[in-house]
Amino acid sequence: MGFRRDILLSKRKAVLFVIYESQKRASAKWDKENMMIVGAKVRREFAAEFKDACKAAGTSPNAVIKKAMADFIKSHRADGAE
133 MGFRRDILLS KRKAVLFVIY ESQKRASAKW DKENMMIVGA KVRREFAAEF
183 KDACKAAGTS PNAVIKKAMA DFIKSHRADG AE
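The opening residue of the sequence shown carries number 133 in this note's numbering; numbering runs sequentially from there.
Watch out, some of these pointers could steer you wrong.
PhoX-like, lysine-lysine: derived pairs with alpha carbons at most 25 angstroms apart [stated by the list, open to error]:
(1) Lys-183 <-> Lys-173
(2) Lys-183 <-> Lys-198
(3) Lys-187 <-> Lys-198
(4) Lys-173 <-> Lys-187
(5) Lys-199 <-> Lys-173
(6) Lys-199 <-> Lys-187
(7) Lys-161 <-> Lys-183
(8) Lys-161 <-> Lys-198
(9) Lys-164 <-> Lys-187
(10) Lys-199 <-> Lys-183
(11) Lys-173 <-> Lys-198
Derived from the structure by calculation, the hints contain no laboratory data.
Note that this is a predicted model, so its numbers are computed, not measured.
My request is simple: use the sequences and hints to build the entire structure.
What follows is the structure, given as structure tokens:
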């Protein structure tokens, strides 16, 4: 029928998301044109410890990494801008 139904279950309620194939294609195209994955290879134990620390702090690994990248860029700009 051109769409997929995803049901996400939480402790309180089930939520039904209807994801149209056209929307998935449009999102994938936008991501391909505008997004990039930045990765690092680390030991499993280190990664698990990092994920646990992020969870304990109430944040996500992605948010921590993005903030670290933004802070680094701000303090090391090649053009000297603030």
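Against the structure, the hints come out as follows:
no.	hint	in the structure
1	Lys-183 <-> Lys-173	14 angstroms, holds
2	Lys-183 <-> Lys-198	14 angstroms, holds
3	Lys-187 <-> Lys-198	16 angstroms, holds
4	Lys-173 <-> Lys-187	20 angstroms, holds
5	Lys-199 <-> Lys-173	19 angstroms, holds
6	Lys-199 <-> Lys-187	16 angstroms, holds
7	Lys-161 <-> Lys-183	29 angstroms, violated
8	Lys-161 <-> Lys-198	22 angstroms, holds
9	Lys-164 <-> Lys-187	29 angstroms, violated
10	Lys-199 <-> Lys-183	15 angstroms, holds
11	Lys-173 <-> Lys-198	17 angstroms, holds
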